[in-house]
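> Just so you know, the sequence shown maps onto residues 2 to 446 in the working numbering.
Derived from the structure by calculation, the hints contain no laboratory data. It cannot be assumed that every hint is accurate.
[Claimed, not checked] No farther apart than 27 Å at their CA atoms in a straight line, the calculated lysine-lysine pairs in the BS3-like style are these:
no., residue 1, residue 2
1, 341, 281
2, 4, 133
3, 401, 187
[What the hints assert, rightly or not] Derived Cβ-Cβ restraints for the label pairs, each shown as a range:
no., residue 1, residue 2, range
4, 344, 230, 40 to 50 Å
5, 173, 9, 54 to 64 Å
6, 38, 110, 14 to 24 Å
7, 3, 110, 37 to 47 Å
8, 172, 10, 50 to 60 Å
9, 325, 9, 46 to 56 Å
Cβ coordinates follow ideal geometry from the N, Cα and C atoms, glycine included.
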Amino acid sequence: MKKINAAHYQHKAAFTNYLPSFSATGTYMRNQKEFSLLNNDQKAALSGLGTNLAGPIQQTATEIATAHPELRPLIASLSEKLGAALPALDQAGNSLVDALRTDTRNVYAGAITLTQPLYMGGKIRAYNKITKYAEELAQQQHQGGMQEVIMSTDQAYWQVISLVNKKKLAEGYLKLLQQLDSDVEKMIAEGVATKADGLSVRVKVNEAEMTLTKVEDGLSLARMLLCQLCGIDLSSPITLADENMEDIPLLTPETHFDMSTAYANRPEIRSLELATQIYKQKINVTRAEHLPSIALMGNYMVTNPSVFNSFENKFKGMWNVGVMVQIPIWHWGEGIYKTKAAKAEARIAQYQLQDAREKIELQVNQSAFKVKEASKKLVMATKNMEKADENLRYATLGFKEGVIATSNVLEAQTAWLSAQSEKIDAQIDVKLTEIYLKKSLGTLK
C-alpha cells in the first residue's frame, strides 16, 4: 500500500512541472578590495583641483597684466576673488571622489524568480505518463501480492484441515490397534494366540502412537504458520470452519476458460504491459533531452550597493521578464545512441510480455489438467476407501470368528489407514488445484 501512495505522490509531483515555479535566492559577499571607477592619479587631481588651478591662473593673470597695465586693478580684484574660491574647488573635487566611491567590499543581493516552461521537447508530458503508469503498476503489483497472500493462506488453511483429519484418522487407527491388542491378549490368555501375535500388535500400536505424535506436532506448526499469515499471535488458539466436517465439501471447478480473460485478469500481464508503456515513454524523454527547450522567465532583483541612483548603500531593485531558449547543437551523437538504447529496452519489455503470455497459457492449461487429474484421483481414492472398509470389516469379523490370523487383520488395518489417508490427500488436492487454477486465471479473491 505504501508503494501505491509513493507512486501516487510521484504522479502529483510530475504534474507540477506544468505549473510556474517560484524561487528565492539571497547572497552576501565580502570582498577584499572595493571596485574603483577612478585611478589614483584621477583621485589626486580631483582632490587638489583648486590648488592645481592656482599656479596656472596666477601665471595667466601676470601675463595679462604685463600686456595690459591698465587692467591691473581689475586683475588684482579677480585674483583675490579666485584665490578665495580655490579651496571650494578642492572641496568640490573631494566630494566628487567620495561620490564616485563604490564601497563594494560588502555586497548584498537577492532575487525572486518565476519560471514557466513553454516547451520542453515533450519531456514533461512523457514524465507525467510515466508516473501515471507507475502508479497503476504499483496497484497491479499490490493486487498480485494480495493474490499470493490469499493463495499462501488457502494453502496453509487446507494444510491444517488435512492434518486435523489425519489426526482423527491416526487416533481412530490407534484405537483400532488398542482394541486389537486387547483382544489378542485375551486370546493369548485362552491359548488361541501366540505371544508373537501379541508382540506384532504392540509394535503396530507403538508405531501408531509415534505417527499420532508426528501429526500433532505438524498440526501445531501448521496452525502457527496460518496465524502468521493472518497476522494473528502465533500462540492464539484457532478453530477453522471445516475442521469438524467428516467429508470436505467439494465442488467440481469449471475447467473451460477463455485465455483473453486470463490475460485481462492476471496482474503480471498488466504489469508488463504498463512496463512496456513506461519504456516507450522513456524513449520520448531521451529524445526530448536533445530538442530545444523554451521557458518564460521573470525576476525581481535587489542589490546593495545599488546603482540606480549612482552608487548607494541602499537596497533597491527592479523587475525583468524574458524568454529563455536552449538549443542543443552538437554532442557527438549522444542523443542518437541514447534513443537507440531506450528503443532496445522497450523491445526487450515487449518480448518479456510475449514470453509471459505464453507461460501463463501453459500455466493455465497445466492447472486445468491438474484439476481434472485431482478429480479422477478422488474418485479412485473413494472407491479404494470403500473396498478398504469392506476388507477391514471382513478381516475383523473373521478374526473374531478365529478363521483369520492376526497378521491378516494388521494388513487390513494398514490398508484401511492408507486408503483413508489417500482419500484425505485427494480431497485436499482437489481444493488446492482449484485454488491454483483460479490463481492462474487471475480470479483468486
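> Do residue 38 and residue 110 keep their Cβ atoms within the hinted range of 14 to 24 Å?
holds (20 Å)
> Between residue 3 and residue 110, does the C-beta distance stay in 37 to 47 Å?
43 Å Cβ-Cβ, so the 37 to 47 Å window holds.
> Within a Cα-Cα threshold of 27 Å, do residue 401 and residue 187 meet the stated pairing?
holds (12 Å)
> Assuming the hint says 54 to 64 Å, is it satisfied by the Cβ distance from residue 173 to residue 9 or not?
Holds - the Cβ-Cβ distance for residue 173 and residue 9, about 56 Å, lies within 54 to 64 Å.
> Can the restraint linking residue 4 and residue 133 be considered satisfied, given a maximum Cα separation of 27 Å?
At roughly 13 Å apart (the allowed maximum being 27 Å), residue 133 and residue 4 satisfy the hint.
> Would the pair residue 341 and residue 281 pass a check requiring their Cα atoms to be no farther apart than 27 Å?
holds (12 Å)
> How does the Cβ-Cβ distance of residue 344 and residue 230 compare with 40 to 50 Å: does it lie in that range?
Given a distance of about 43 Å, which is inside 40 to 50 Å, the answer is holds.
> With 50 to 60 Å as the target window, see if residue 172 and residue 10 comply at their CB atoms.
holds (57 Å)
> Does the beta carbon distance between residue 325 and residue 9 stay inside 46 to 56 Å, or does it fall outside?
Roughly 32 Å apart at Cβ, these two residues miss the hinted range, so it is violated.
In the structure shown, a violation is registered for the earlier hint numbered 9 alone.
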